[in-house]
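> Given the sequences, and given the hints that come with them, work out the whole structure.
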Amino acid sequence: MSRPVTIVTGGSRGIGAATCVRLAADGHDLALGYVSNEAAAREVAAMVREAGGRCVTVRADTSQEADVERLFDTAAAELGPVSGLVNNAGVTGPLGRLANARTDDLRRVLDVNVLGYLLCCRRAARDMAALGGGAIVNISSAAATLGAPGDYVHYAASKAATDALTIGLSKELGQDRIRVNAVAPGIIDTDMHATMGDPDRPARAAAGIPLGRPGEASEIAAAVAWLLSPDASYTTGTVLRVSGGR
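In our numbering, the protein residues as written are 10 to 255.
Bear in mind the hints are in silico, worked out from the structure with no lab data behind them.
Cβ atoms here follow ideal geometry from the backbone N, Cα and C, with glycine treated the same way.
Accuracy of the hints is not assured; some may be wrong.
What the hints assert, rightly or not - Simulated restraints on C-beta separations:
{"id": "1", "residue 1": "Ala-85", "residue 2": "Arg-58", "range": "17 to 23 Å"}
{"id": "2", "residue 1": "Pro-103", "residue 2": "Gly-246", "range": "30 to 36 Å"}
{"id": "3", "residue 1": "Gly-141", "residue 2": "Asp-240", "range": "32 to 38 Å"}
{"id": "4", "residue 1": "Glu-74", "residue 2": "Ser-242", "range": "30 to 36 Å"}
{"id": "5", "residue 1": "Gly-183", "residue 2": "Ala-215", "range": "37 to 43 Å"}
{"id": "6", "residue 1": "Ala-49", "residue 2": "Tyr-243", "range": "33 to 39 Å"}
{"id": "7", "residue 1": "Ala-138", "residue 2": "Val-251", "range": "26 to 32 Å"}
{"id": "8", "residue 1": "Pro-158", "residue 2": "Ala-212", "range": "19 to 25 Å"}
{"id": "9", "residue 1": "Arg-186", "residue 2": "Ala-215", "range": "38 to 44 Å"}
{"id": "10", "residue 1": "Ala-212", "residue 2": "Asp-185", "range": "14 to 20 Å"}
Quick look at the structure:
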């Protein structure tokens, strides 16, 4: 059987990079979308190939319709029909209270985390319906239900939108044999925290997590891989929380 072709947005680092490598080991060929760090994308692509998968890297800002269309077009042209999507590209903006947030930061979070997911899901729905089925996994966050007060309620709100998108779209696309699920990570030890100005956040958060530690990107990748696999063939509309009990 031919290998499934899966697009992973934000695939050059953190959860996205771990997901690319895990999916390659599980038998997927990958289209890796990244927004700026070409060197990191190439490094992940090399790991994908070492794990046995084909990989194409595509620079794409998922908040831009033209970039999303080019990402899907390139994946199909280079690898074959796209049967999987991992909607992972996301931004948080700086940590802090909403009262102090800049409008430009709020807009960027919504553009990438909400509009970007919608644009990718829209294209995936069209392509997978024509293919006769497929699977979408949206990366949400435990913040969607915790609210993240004092940190980034705007980001939490965008992830609550992800959950609503997942549930509604799963019902809309069930008749097309397209499954739509989400993974909601808790505090994961990636460089996202340094990017938003608090590199020590995972270590400090450990005391408030029932399992006593932050998660690893590979643990989120494992959940994504399961939701894309035949083992999850009767699972759709699910937001799978992987948060150490938080």
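> Each of the hints needs a verdict: does it hold here or not?
Tested hints:
In this structure the hint that Ala-85 and Arg-58 lie 17 to 23 Å apart at CB holds, the actual value being about 19 Å. The given range of 30 to 36 Å is respected by Pro-103 and Gly-246, whose C-beta atoms sit roughly 33 Å from each other. Checking the proposed 32 to 38 Å range against Gly-141 and Asp-240 shows it is violated: the Cβ atoms sit about 20 Å from each other. Checking the proposed 30 to 36 Å range against Glu-74 and Ser-242 shows it holds: the Cβ atoms sit about 32 Å from each other.
For Gly-183 and Ala-215, the Cβ-Cβ distance of about 39 Å falls inside the hinted range of 37 to 43 Å, so the restraint holds. For Ala-49 and Tyr-243, the hinted distance range of 33 to 39 Å is satisfied, since their beta carbons lie about 36 Å from each other. Here the CB-CB span from Ala-138 to Val-251 is close to 29 Å, well matched to the stated 26 to 32 Å. Distance hint check: the CB atoms of Pro-158 and Ala-212 are about 20 Å apart, consistent with the given range 19 to 25 Å.
In this structure the supplied range 38 to 44 Å holds for Arg-186 paired with Ala-215, their Cβ-Cβ distance being about 41 Å. Range check, Ala-212 to Asp-185: about 44 Å between beta-carbon atoms, so the 14 to 20 Å window is missed.
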